[in-house]
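Note that the protein sequences, when read in sequence, are chains A and B.
Each residue of the first sequence is one higher than the one before, counting from 1 in the numbering used here.
Each residue of the second sequence is one higher than the one before, counting from 1001 in the numbering used here.
Incorrect hints may have been included.
[Said to hold, decoys possible] Capping the alpha-carbon separation at 30 Å, the derived lysine-lysine pairs in DSSO-like fashion look like this: (1) B:Lys1029 / A:Lys54; (2) B:Lys1043 / A:Lys180; (3) B:Lys1068 / A:Lys186; (4) A:Lys102 / A:Lys180; (5) B:Lys1186 / A:Lys180; (6) B:Lys1102 / B:Lys1019; (7) B:Lys1118 / A:Lys175; (8) A:Lys102 / B:Lys1042; (9) B:Lys1175 / A:Lys102; (10) B:Lys1054 / B:Lys1180; (11) B:Lys1008 / B:Lys1144; (12) A:Lys54 / A:Lys26; (13) A:Lys44 / B:Lys1109; (14) B:Lys1180 / A:Lys109; (15) A:Lys99 / A:Lys175; (16) B:Lys1118 / A:Lys44; (17) B:Lys1180 / A:Lys180.
Worth flagging that the hints you see were computed from the coordinates, not collected in a lab.
Please read these numbers as outputs of a predicted model, since none were measured by experiment.
Okay, here's what each chain looks like letter by letter:
Number of protein chains: 2
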Amino acid sequence: MIKFINLKKEIPYTIFREKYEEAHRKGQKNIEAVAISSYDCKKKEVESRFVNLKFVDDGSFIFFSNYKSPKSLAFESHNQISALLYWDSINIQIRMKSKISKTSLHFNKNYFKGRSLKKNALAISSHQSSYIESYEGVQQNFSKALNSSNLSECPEYWGGFSFVPYYFEFWEGHKSRLNKRDAYEKVDDAWNHHVLQP
Amino acid sequence: MIKFINLKKEIPYTIFREKYEEAHRKGQKNIEAVAISSYDCKKKEVESRFVNLKFVDDGSFIFFSNYKSPKSLAFESHNQISALLYWDSINIQIRMKSKISKTSLHFNKNYFKGRSLKKNALAISSHQSSYIESYEGVQQNFSKALNSSNLSECPEYWGGFSFVPYYFEFWEGHKSRLNKRDAYEKVDDAWNHHVLQP
């Protein structure tokens, strides 16, 4: 589930919310899963992974991560990303492009306090994407963290990322394959609308 | 559905096939949907979209597109991409990184001939991702193409893209959130295996 807070009253946000509610009513699984793609200027590499969207706060889409993970390093080297959702229950694809930045320490600390201790133990114990000898090693690190750490204190290497898209595309699949594509691009303070060919 | 042809006998391909068969047995919807992400060096922009994988031929993953579409231009400017699949029926995410290139004219022509005339009319009539006045315009262009074109002749602006990954990650979600991550990276002619922290 995604939590909506004071959602921006602008057309792509309104459509996003409507489609979300429709997919949710249809029992969409993993409705919060979004593919975040980044470009690392040093490695000259595009990379993608799914993360869970937690909030849409005003105009900002927010998810959480380890700040030392490869994706965090990629965001530092190139702060523009794409975000891609697909809800099969309503056959809708949503494409977004955005700049991305970290949320505040204050925000991270508050959010971390409210999470389950188990989730926090995992955030504390895992050096996200680093190599480890075996999956058993992962389980051992986790058990250690569960027993020893202060589990409501947010480590400085963990927190949120926030992105405010400058581009949305809503793609609706049709059986005829004449898919419907509506794009919204922010130019100055307005959203330009275009219909795209399938 | 993805068609497998003389699949490469190397470990990440074997795992890919096994997971595919498992997801297919569980009735996975849109099993062929893969998020392809590209970087356009001119626009300095990452962009992502879902496409349908059609073949895994030896070591090559193949999908089709309009060669004048924004993704084709992005591949020309930076020929490295990421490919991301998620099969919710078995809670598996597959992450790949690869170089990408066009398939041969001969291959494209042969494949085009075997497709339905309706699909071909769409490929011929649509200037993929170009602006158009309205969705009705899309329908009109399609109707025109259906009636007038030689529908089994592949236009030069349509064809396949092929990618042979140098990196695979198989991510298995666990309820405990201690997700299992196995990465395979091609170094010279061998696949190096690593377990990654969740």
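Now the hints, each set against the structure:
Restraint check for B:Lys1029 and A:Lys54: satisfied, since their Cα atoms lie roughly 25 Å apart, inside the 30 Å limit. Annotation: proposed proximity of B:Lys1043 to A:Lys180 holds, straight-line Cα distance about 25 Å (limit 30 Å). For the hint linking B:Lys1068 to A:Lys186, the alpha-carbon distance of about 24 Å falls within 30 Å, and the restraint holds. Of the supplied pair hints, the one linking A:Lys102 and A:Lys180 is violated, its CA atoms being roughly 34 Å apart against a limit of 30 Å.
Distance hint between B:Lys1186 and A:Lys180 is unfulfilled; the C-alpha atoms sit about 39 Å from each other, more than 30 Å. Between B:Lys1102 and B:Lys1019 the CA atoms are separated by roughly 27 Å; this keeps the pair inside 30 Å, and the hint holds. For a cut-off of 30 Å, the pair hint linking B:Lys1118 to A:Lys175 stands: about 12 Å separates their Cα positions. Distance hint between A:Lys102 and B:Lys1042 is fulfilled; the C-alpha atoms sit about 26 Å from each other, no more than 30 Å.
With a C-alpha separation of about 27 Å, the suggested pairing of B:Lys1175 with A:Lys102 holds against the 30 Å cut-off. Between the alpha carbons of B:Lys1054 and B:Lys1180 the distance comes to roughly 28 Å, so the proposed pair stays at or under 30 Å and holds. A threshold of 30 Å between alpha carbons decides the hint, and for B:Lys1008 with B:Lys1144 the separation of about 43 Å lies outside it, so the pair is violated. This hinted pair checks out: A:Lys54 and A:Lys26 have alpha carbons roughly 20 Å apart, not beyond 30 Å.
Our distance criterion of 30 Å between C-alpha atoms is broken by A:Lys44 and B:Lys1109, whose separation comes to about 33 Å. A threshold of 30 Å between alpha carbons decides the hint, and for B:Lys1180 with A:Lys109 the separation of about 27 Å falls inside it, so the pair holds. At most 30 Å may separate the alpha-carbon atoms for a hinted pair to count; A:Lys99 and A:Lys175 exceed this at roughly 34 Å. Of the supplied pair hints, the one linking B:Lys1118 and A:Lys44 is violated, its CA atoms being roughly 40 Å apart against a limit of 30 Å.
Proximity of B:Lys1180 to A:Lys180 is assessed by CA-CA distance (about 37 Å); at most 30 Å being required, the pair is judged violated.
Hint compliance for this structure: hints 4, 5, 11, 13, 15, 16 and 17 are not met, and every other hint is.
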